[in-house]
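Colleague: Residues per chain are reported as follows:
There are 2 protein chains.
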Amino acid sequence: MSNSNHHVPAIVIGRLPLYLRALTQLSSEGRHVTSSQELSEKLGFSSAQIRKDLSYFGEFGKQGTGYEIEFLEKSLREILQVHHVWDMALVGAGDLGHALANYDGFEARGFRIVAIFDADPTKIGLKMGDWQVQPITDMRETLREKKIQVAIIAVPATAAQQVADELVEGGVRAILNYAPTTLSVPQKVKVYHIDPVAGLQSMTYYL
Amino acid sequence: MSNSNHHVPAIVIGRLPLYLRALTQLSSEGRHVTSSQELSEKLGFSSAQIRKDLSYFGEFGKQGTGYEIEFLEKSLREILQVHHVWDMALVGAGDLGHALANYDGFEARGFRIVAIFDADPTKIGLKMGDWQVQPITDMRETLREKKIQVAIIAVPATAAQQVADELVEGGVRAILNYAPTTLSVPQKVKVYHIDPVAGLQSMTYYL
Chain A
1 MSNSNHHVPA IVIGRLPLYL RALTQLSSEG RHVTSSQELS EKLGFSSAQI
51 RKDLSYFGEF GKQGTGYEIE FLEKSLREIL QVHHVWDMAL VGAGDLGHAL
101 ANYDGFEARG FRIVAIFDAD PTKIGLKMGD WQVQPITDMR ETLREKKIQV
151 AIIAVPATAA QQVADELVEG GVRAILNYAP TTLSVPQKVK VYHIDPVAGL
201 QSMTYYL
Chain B
1 MSNSNHHVPA IVIGRLPLYL RALTQLSSEG RHVTSSQELS EKLGFSSAQI
51 RKDLSYFGEF GKQGTGYEIE FLEKSLREIL QVHHVWDMAL VGAGDLGHAL
101 ANYDGFEARG FRIVAIFDAD PTKIGLKMGD WQVQPITDMR ETLREKKIQV
151 AIIAVPATAA QQVADELVEG GVRAILNYAP TTLSVPQKVK VYHIDPVAGL
201 QSMTYYL
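Protein chains in written order, with the working numbering: chain A, 1 to 207; chain B, 1 to 207.
Hints are supplied without guarantee of correctness; some may be wrong.
Each pair may be met inside one copy or between any two copies, as identical chains are not told apart.
Simulated pairs of lysine to aspartate or glutamate, EDC-like, Cα-Cα distance not exceeding 20 Å [as the list claims (entries may be wrong)]:
| id | residue 1 | residue 2 |
| --- | --- | --- |
| 1 | 74 | 120 |
| 2 | 188 | 41 |
| 3 | 62 | 138 |
| 4 | 42 | 165 |
| 5 | 74 | 29 |
| 6 | 146 | 29 |
| 7 | 74 | 107 |
| 8 | 127 | 107 |
| 9 | 127 | 195 |
| 10 | 52 | 145 |
| 11 | 62 | 195 |
| 12 | 147 | 169 |
| 13 | 42 | 104 |
| 14 | 42 | 195 |
| 15 | 127 | 95 |
| 16 | 42 | 78 |
| 17 | 123 | 95 |
| 18 | 147 | 95 |
| 19 | 127 | 87 |
| 20 | 146 | 166 |
| 21 | 127 | 70 |
| 22 | 74 | 59 |
| 23 | 52 | 95 |
Please keep in mind that the hints were generated in silico from the structure rather than gathered at the bench.
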């Protein structure tokens, strides 16, 4: 149970949040024990895959008794470093920004928005979620003051690269990108691209 | 170049939209030829992986000359079946629904919203994008009339499973799910879950 193992493939890391989500759901249903078979049915990965993925981080299951949900959930939170809450900046106060500012699923899973920025003067000062929209010209300073390392880009594609550059200059190291464009960032910075059309296209193959 | 090959792993299919997106971007920059190396740098998969993925569908590259962008782009569109446009239903007319109804990135990539539904009486009749919000009680009939096979769920988690059941009853076979919950659907129905927190958690591992 260590996150210092740099040999874990990125594809495995990408699946851990899905295991964690499934465990939290089972836990909320009052369950205490699960199995790789049950997780397999819920998630669509093979149970062998699930056992192999988890084995990178220790011995979680016992032959015949399965996984203790609470312990595995806690361990995955620690591995993913979401046993504490990360402060996030949200850039973009349009419809999508609004939806994200009011989304109530962040905090329980390790994140909270603590600052919102927009370039549009008519948006500055608007209340969104718990915060007022700040001018994007204040962004770098606020990022550094609040030591923000995680940000969400919810601006049009044409503005996204410049926003990403400014986020990186402000010290951000993980960007959730909703803009429909590929961002170029230094290697130390992680980007996760939310692309609804890529999701749709991966399904139409099968229709 | 066939989509009847049922032995292609789902993980490979999931990467094709990313190749297509990168090719479209190169094409929009006026480029005509690319290489697995260049795609590798843009996307973060190894060039061997990219060559192997594409080789499931035919011979696209030539040793030493690379991939012809226009041809590969066209081929991937056909493989993913987005060389024509799919009609979609959008369920949920909140902030997120608004953002999706106004998103201008769907049609060029094979999708368009043709009906919007909400359960909230105060939302019925509102203009969103090109359409008026319809009562969810009309949904099944409209889905069948318009032969809609693809839908987006943008409702709260508590309502999502019921919406999914009704979509399936109406003939929908591919669901893009924004609700923060796992949906249970018949095996013939595909679900792609947009989960921003899973994306964030897959990055905090590295921070």
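Colleague: Could you run down the list of hints and mark each one as holding or not?
Modeller: Structure-based check of all given hints:
Neither within a single protomer nor between protomers do residue 74 and residue 120 lie at most 20 Å apart by alpha-carbon distance, with minima of 42 Å and 38 Å respectively. In the homo-oligomer, the alpha carbons of residue 188 and residue 41 lie at most 20 Å apart only across protomers (15 Å), although the nearest pairing inside one protomer, at 36 Å, exceeds that limit. When the C-alpha separation of residue 62 and residue 138 is checked against a cutoff of 20 Å, the pair qualifies neither within a copy, at 53 Å, nor between copies, at 50 Å. Proximity of residue 42 and residue 165 under a CA criterion of 20 Å is satisfied inter-copy only: 17 Å between copies versus 39 Å inside one chain copy.
In this assembly of identical chains, residue 74 and residue 29 lie within 20 Å of each other by CA distance solely inside one copy; the values are 17 Å within and 47 Å between copies. Proximity of residue 146 to residue 29 under the C-alpha cut-off of 20 Å is found in neither arrangement, the shortest distances being 37 Å within a copy and 38 Å between copies. For the identical chains of this complex, residue 74 and residue 107 are intra-copy neighbours only, at 16 Å inside a copy versus 42 Å across copies, given an alpha-carbon limit of 20 Å. In this homomeric assembly, residue 127 and residue 107 come within 20 Å of each other (Cα to Cα) only inside a single copy, at 19 Å, whereas the closest approach across copies is 33 Å.
For the homomeric pair residue 127 and residue 195, neither the shortest alpha-carbon distance inside one copy (27 Å) nor that between copies (25 Å) is at most 20 Å. Taking the shortest Cα distances, residue 52 and residue 145 never come within 20 Å of each other, neither inside one copy (42 Å) nor across copies (46 Å). Taking the shortest Cα distances, residue 62 and residue 195 never come within 20 Å of each other, neither inside one copy (38 Å) nor across copies (30 Å). For a Cα distance limit of 20 Å, the shortest separation of residue 147 from residue 169 inside one copy, 12 Å, qualifies, whereas the shortest one across copies, 49 Å, does not.
Taking CA atoms no more than 20 Å apart as the test, residue 42 paired with residue 104 passes in neither setting, with 23 Å inside one copy and 33 Å between copies. Taking CA atoms no more than 20 Å apart as the test, residue 42 paired with residue 195 passes between copies only; the shortest distance there is 16 Å, against 23 Å inside one copy. Proximity of residue 127 and residue 95 under a CA criterion of 20 Å is satisfied in both settings, with 13 Å inside one chain copy and 15 Å between copies. For the homomeric pair residue 42 and residue 78, neither the shortest alpha-carbon distance inside one copy (23 Å) nor that between copies (31 Å) is at most 20 Å.
Proximity of residue 123 to residue 95 under the C-alpha cut-off of 20 Å is found in both arrangements, the shortest distances being 12 Å within a copy and 16 Å between copies. In the homo-oligomer, the alpha carbons of residue 147 and residue 95 never lie at most 20 Å apart, since the shortest distance is 27 Å inside one protomer and 29 Å across protomers. In this assembly of identical chains, the alpha carbons of residue 127 and residue 87 lie at most 20 Å apart only when taken from the same copy (18 Å versus 36 Å across copies). Taking the shortest Cα distances, residue 146 and residue 166 sit within 20 Å of each other inside one copy (15 Å), while across copies they are farther apart (45 Å).
In this homomeric assembly, residue 127 and residue 70 never come within 20 Å of each other (Cα to Cα): the closest approach is 37 Å inside a single copy and 46 Å across copies. In this assembly of identical chains, the alpha carbons of residue 74 and residue 59 lie at most 20 Å apart only when taken from the same copy (14 Å versus 47 Å across copies). With identical chains, the CA atoms of residue 52 and residue 95 are never at most 20 Å apart, being 41 Å at best within one copy and 40 Å at best between copies.
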